[in-house]
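**Student:** Sequence:
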Amino acid sequence: MSKASALIVVERLKQLDGVLYAFEIAPDIKEQLMEIEKQIRATLGIEVKNTGVEECLKRNHIICIIKDRRFRPPPEPTIYLVADDGTILGQEVLEKDKFKFQCADDVIFLSDDFVVFTDRRPKPGSKEFFLMPPVRFPEVEEIDGVKNVVSCSPSPLGDLLIRKVHGITDDPKLASVLVGFDLENDTI
Numbered sequence: 018m019s020k021a022s023a024l025i026v027v028e029r030l031k032q033l034d035g036v037l038y039a040f041e042i043a044p045d046i047k048e049q050l051m052e053i054e055k056q057i058r059a060t061l062g063i064e065v066k067n068t069g070v071e072e073c074l075k076r077n078h079i080i081c082i083i084k085d086r087r088f089r090p091p092p093e094p095t096i097y098l099v100a101d102d103g104t105i106l107g108q109e110v111l112e113k114d115k116f117k118f119q120c121a122d123d124v125i126f127l128s129d130d131f132v133v134f135t136d137r138r139p140k141p142g143s144k145e146f147f148l149m150p151p152v153r154f155p156e157v158e159e160i161d162g163v164k165n166v167v168s169c170s171p172s173p174l175g176d177l178l179i180r181k182v183h184g185i186t187d188d189p190k191l192a193s194v195l196v197g198f199d200l201e202n203d204t205i
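Add 17 to a position in the sequence shown, counting from 1, and you land on the number used in this note's numbering.
There's no promise every hint is true.
Claimed, not checked - Label-pair ranges, simulated between beta-carbon atoms:
#1 T68 - L24: 24 to 32 Å
#2 D123 - L24: 45 to 53 Å
#3 G184 - D136: 45 to 53 Å
These are calculated hints, taken from the structure and not from any lab test. In this text, a Cβ means the ideal position worked out from N, Cα and C, and glycines have one as well.
Input sequences plus hints: build the corresponding full structure.
**Tutor:** This is the structure in structure tokens:
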């Protein structure tokens, strides 16, 4: 098999159910995304730490996919509520895990897909933040020659920048996902 390349990854991503577009992010857009993501805050001024985007933007190659609802769910939660002492206070609930949480006595559903843990308390004086961690992307991890794969969702402003640059309509039924990776033959 030939050495992996960003083009091979783009072509593989285009084959996935629910992917409407797949393209590599240019270096200047990468810089703009970094600036946008540093300034994001959630509702009520709670800080958002999108470590998924931070990790993704450290990779040599970043592909963006624009997907619709047919795309598979993430392999693990994409958002947590965390205290700065490290205590996980809440998390996204994936469909496959809903029953487990519905049967638990120590959670309260804030929405259909987010719970807070009633038995966890941060240390006094701790601040809470939303953490969006890097998420695995199995379809890219399995490509020979590809390593250090992470994926994430950019903020709405990051998503808007990407769509604007690529001439893609801002449709609320679509979402973007960034997939960052390195290649074994990359030179630093």
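**Student:** Could you say whether the range 24 to 32 Å given as a hint is met by the Cβ separation of T68 and L24?
**Tutor:** Given about 28 Å between the Cβ atoms, the range holds.
**Student:** Evaluate the given range 45 to 53 Å for the C-beta pair formed by G184 and D136.
**Tutor:** holds, 49 Å
**Student:** Does the hinted range 45 to 53 Å hold for D123 and L24 at CB?
**Tutor:** holds, 48 Å
Of the numbered hints given earlier, the model fails none.
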